[in-house]
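Residue numbers (full-length UniProt numbering), protein chains in the order written: chain H, 1 to 330; chain D, 1 to 318; chain A, 1 to 497.
Because the hints were derived from the structure by calculation, they are not lab data.
Computed from a predicted structure; not experimentally measured.
Even for Gly, the Cβ is constructed at its ideal location relative to N, Cα and C.
Do not take every clue at face value.
To give an idea of the chain A side of the interface with chain D (calculated C-beta under 7 Å), a few residues [unchecked claim]:
id: 1; residue: Val-53
id: 2; residue: Lys-57
id: 3; residue: Ile-346
id: 4; residue: Gly-348
id: 5; residue: Arg-366
id: 6; residue: Leu-367
id: 7; residue: Ala-371
Below are the chains, spelled out letter by letter.
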Amino acid sequence: MMVDAVATPPRRPGGIKRFIEAYPFLPALIIMLVLLALNGIWQPRSVSLVGITGLIKTYMALMLLAVAQTYVVYAGDIDLSAGAIVSLVNVVIVAVMASLGDSGVSVLAAMAIGLGAGLACGIVNGIVVAAFRLQAIVATFATSIFFTGLALWVMPVAGTPAPATFWRTYGGRILDVPFVFWAAALLAVILYLLARTRHALQLLAVGDDAQGAYQSGLPVTAIRIRGYAMCGVFAALAAFCITGDTASGDPLVGGKMTLYSIAAVVLGGTALAGGYGTVVGSVFGALIIGLINSLVYFVGTPSEWQNLVQGLAILVALVAGILIGRRARA
Amino acid sequence: MTRLVDTLKTPIIVALALIFLLLIVGEMLSPGFASPTQIMRLLIVAALLGIVAAGQNLVILGGREGIDLSVGGVVSLSAIIAGNLMNGQDAGIPLAILGCVATGALIGLINGVGVTLMRIPPLVMTLGMLGVLQGLLVVIRQGIPSGRAAPGLSQFVTQPFLLGLPGIIWLWVLIGLFLAFLLSRTVYGHRIYAIGSNEQAARMAGVPVAAIRISLFALSGVFAAIAGICLIGYSGSSFANVGEQYMLPSIIAVVFGGTSLAGGKGGYTGTMAGAMMLTVLQGILTTVNIDESGRQMIFGATLLLLMLFYGRGKAMRA
Amino acid sequence: MAKLKISGVSKAYGATVALSRGDLELQAGEVHVLIGSNGSGKSTLCKIVAGSVRPDKGEVLLDGKPVTMSGPRASKALGIGIFYQELSLAARRTVEENICLPDLPMKGPFVDRKTLSERAARYIALFDGVTGEGFSPDATVDILRADQRQLVEIMKTLASEASILIFDEPTSALDRAQVDRFFQILTRLKQEGRAIVFISHRMDEIFSIGDQVTVLRDGATIGTSRIADTNAQEIVRMMVGEEPAIAAQAQTSSAASGPVALRLANLSGAGFSDIGFEVRQGEILGLGGLHGQGQSSVLRALFGAGAVTSGDVSLEGASYRPHDPRAAIRAGLAYVSGDRGRDGVIQGRPILENVTPIHFLRNRLRLASPASLKRKATPAVEALKTKFASFAHPIGSLSGGNQQKIVIARWLIDRPKVLLLDDPTKGIDLSAKADLFALVRTLAAEGMAIVLYSSEDAELLSNSDRILVFNGGRITRELTGAERTRFNLYEAAYEAA
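Kindly produce the complete structure, drawing on both the sequences and the hints.
Right, dumping it as structure tokens:
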């Protein structure tokens with residue numbers, strides 16, 4: 001029998017389609033470059049080394065949180081507590097450093113504890129969503145309230161300063177290269193290595209068809225928990241950057257970042273339904289948000305209009321990204 | 001007997017039982033918690049959440065990952081528009097209602113068009129819309145004073161109106177009856193369930209899928225706008241982002257009411273119970289003498305615990 | 001000793017019993033065919049062995065030792081590989097990734113891409129020359145055709161290198177050359193001493209590859225025999241549980257002479273081209289040919305659910321453009337899909353709500369009063385002898401056949417002009433089929449124009465006045481009167497397009 005041989009002629013993807021299929025972040029890359037160019041036109045200094053350093057310094061945390069969110073979205077899940085984890089890790093490391101004093105050892109100890117805290121939060125989310133089978137969107141909202149409570153317990157009010165060693169390093173230079181560039185390079189290496197492990201492939205397979213993945217013998221629950229754990233760890237890294245940038249502890253600092261991290265993931269070309277996407281795209285997505293914000297400022301938008309114009313631009317970029325991505329694939 | 005057990009397991013009964021339990025716990029922790037005045041106050045707060053959740057409920061019932069994250073923004077926007085249009089005068093109330101409902105409907109309409117005609121996932125579309133609304137709030141707030149509620153409106157929301165209950169509670173009951181009728185006794189209601197349950201089958205049975213889904217988002221905007229008006233009546237004047245507190249709780253109320261996030265299953269009666277349950281829980285936590293951090297941790301943990309009663313996903317292994 | 005012995009295995013989902021008593025003895029080095037009508041429990045039995053369904057009762061012995069499958073992973077570890085009828089592929093992953101996903105080759109902490117490609121290539125090479133256009137190791141599965149996806153699932157199953165291989169309808173979308181190649185592979189595996197379970201609905205395949213056959217009916221194993229010792233009639237008898245007497249009963253075609261209800265001229269669209277025919281009132285027009293030759297596409301397009309690129313349609317003399325199902329329904333068309341899960345049943349909702357949607361549209365109703373709707377729906381469901389306890393019960397509480405009857409009943413409250421039946425009996429039991437065709441004949445006798453596509457030739461032959469044979473998206477032959485024989489139908493269907 002020749003089922004479907006006639007009904008659905010083979011779809012032969014052309015060059016561009018195939019390219020986009022392999023590199024789903026391309027639309028995001030293009031949007032980002034255009035925004036970068038526009039920034040440069042309105043404010044030449046923004047594309048200088050100093051300008052770029054500033055941009056990365058400010059948006060490194062969002063880039064990392066977008067990466068964190070991506071691993072969860074790969075599997076078709078979502079983490080509304082990502083921002084709360086950032087807050088918690090922020091206050092935890094600031095509190096640890098405050099009690100251990102201003103020294104390199106203290107910073108390293110705080111970071112180790114911070115990573116552990118992020119990992120623990122991620123595992124809790126994973127267990128709640130994957131093992132208890134609660135709806136990700138409501139369950140991680142509940143855990144976000146819990147994590148925020150923990151953060152408030154660690155540090156009831158914002159303002160405890162981070163030791164100078166920490167933020168001077170973050171804002172400083174190593175071998176005459178800004179620290180954030182080293183951090184970005186390290187991030188690139190880590191992401192590259194992670195992409196080559198089985199984690200990404202398995203998460204994407206689960207997001208594609210969880211039942212199919214289960215029936216193929218993949219440990220679906222463990223894979224999803226692992227996704228949340230990775231999210232927790234990267235959220236902790238995001239918290240380090242926030243701490244370096246703001247130089248203080250604030251139990252609510254990350255709250256607003258959750259929704260931006262989701263927007264960045266979508267801007268990066270990753271499908272919220274799971275099964276398709278890249279972490280690189282999410283990094284670009286975070287930068288797009290940053291570049292939109294700075295462009296709105298550079299073109300001289302009156303301050304009270306800035307939020308609205310930013311909001312509109314992000315909405316347009318979200319919609320355009322989805323439409324372009326779909327067009328290119330269809 | 002099994003029938004009785006099944007009935008007892010319905011989310012509404014579970015929610016009502018939990019509300020009752022929570023009231024007893026509240027009364028034990030802090031005598032006077034379950035007094036009539038306190039319960040009335042809780043009901044008013046629940047009504048505000050419940051009205052927002054009405055729209056959220058409809059969008060979720062319509063399926064295809066329906067969700068409306070912009071409701072919080074609409075509530076805030078509506079509160080500030082209402083405040084300005086009334087500016088403390090009763091005569092401004094009709095105009096305020098008209099203006100807010102139209103604004104809410106328009107925002108919902110845009111969401112709906114994005115979701116259906118441009119096929120943007122609802123989460124993304126309404127998330128983007130939320131960003132726009134937050135920006136809009138800043139613009140409006142800079143340009144004009146935040147406005148004040150008309151005394152008539154405040155009275156409607158906070159003072160006894162009929163049988164000792166304030167008008168807002170009657171409004172909520174009315175909305176509950178209206179939606180119960182809409183969902184069970186109208187063609188429109190049947191079609192909502194049909195698209196939520198099996199969109200393709202609904203289309204093949206002649207259901208105008210896109211039009212219905214757009215209308216659901218529009219209704220969500222309208223209900224959020226109504227809640228915004230009531231909110232300014234409750235608080236007297238609006239302040240920054242008052243609506244944000246409703247965004248995710250409205251979804252939780254729907255889930256606690258037994259409506260499936262997958263769509264096509266559930267109803268509003270349960271959501272009303274869900275909204276009350278959330279409000280009572282929060283009420284207890286504000287009454288007892290613990291600091292904010294403990295309160296949040298208990299709240300988060302309790303929500304998780306309660307979720308174990310509701311809509312857990314299917315096991316992979318049948 | 002049997003490689004795998006299953007005895008008394010059962011599985012129920014609530015009130016629905018999927019498998020009541022499954023027995024199977026599988027030897028190493030044989031191809032063991034499982035056969036039974038849809039819903040007889042074959043897939044459930046396979047999934048229990050594969051670990052993806054938890055049995056309620058029963059025993060599984062592997063190499064004589066009792067084993068419990070705690071899940072697909074455990075089953076895989078015991079050396080059981082399975083081809084899932086519904087496929088278990090990740091659509092956005094590539095062919096080679098899918099083949100190796102269950103068991104990724106690693107080099108330290110990283111996926112060994114080179115080994116992965118090599119391993120996948122070995123299994124892809126088995127089907128060299130028959131994979132078809134567009135198939136490549138790095139193509140994502142979502143751009144492949146149905147037959148190519150099935151091949152990927154086969155390769156994935158083979159890559160498990162399991163000693164027990166279960167194939168649940170692996171050939172349903174494959175063409176002849178692909179099936180032949182697959183059978184060569186199976187023969188080789190058999191010689192290697194693997195134990196193979198094979199499910200197919202095609203008798204010729206069963207006799208060309210099977211060593212033993214086990215028949216299931218209504219969730220229970222009826223019996224096993226050696227293929228060499230049996231024949232098709234005996235197998236069918238075991239499947240049906242009675243003499244296959246329902247067929248035949250040749251329709252005394254009266255060459256309907258009513259006015260033309262539906263006329264198509266040079267209609268082309270996705271999956272079909274240059275289709276022209278007329279259906280008269282009171283006529284049942286059959287569409288025949290192999291599965292997937294455009295019959296379904298034409299019917300869906302007429303109903304506004306598929307693309308039309310050119311050509312004309314007229315309905316009772318008036319020009320008609322199929323825009324969308326809504327317009328089609330308003331114009332007086334009705335469409336019943338064989339895929340009721342996708343196109344028909346509104347799951348989780350009461351039976352009443354599943355009967356009424358067309359009535360709402362045709363009468364532009366706004367309010368839904370249960371009492372009056374029940375009055376209207378009752379004759380419609382009774383015409384099909386639908387068995388159900390209450391209109392208020394969810395449709396999911398009914399058997400598949402009764403669900404399909406409910407879906408059909410929605411078209412009977414307000415009679416359409418033309419009824420399009422797109423393989424309407426797929427997966428429903430024999431008595432439901434009989435009720436359905438009795439109704440179809442009555443409707444035709446009352447003057448309705450009916451277009452029937454069925455993947456079962458016997459149904460087509462005994463119920464249509466005329467048959468148009470489709471091949472490659474075109475009508476290649478028309479069979480009228482005495483020409484309507486199985487022989488002519490096969491001949492026309494298998495002609496090269």
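Results for each hint:
1. Val-53: Holds: closest Cβ of chain D sits about 5 Å from Val-53 (chain A), inside 7 Å.
2. Lys-57: Violated: closest Cβ of chain D sits about 15 Å from Lys-57 (chain A), beyond 7 Å.
3. Ile-346: OK, holds: Ile-346 (chain A) within 7 Å of chain D, min 5 Å.
4. Gly-348: 5 Å, holds
5. Arg-366: 6 Å, holds
6. Leu-367: 6 Å, holds
7. Ala-371: 11 Å, violated
Consistency note: the structure conflicts with the earlier hints numbered 2, 7.
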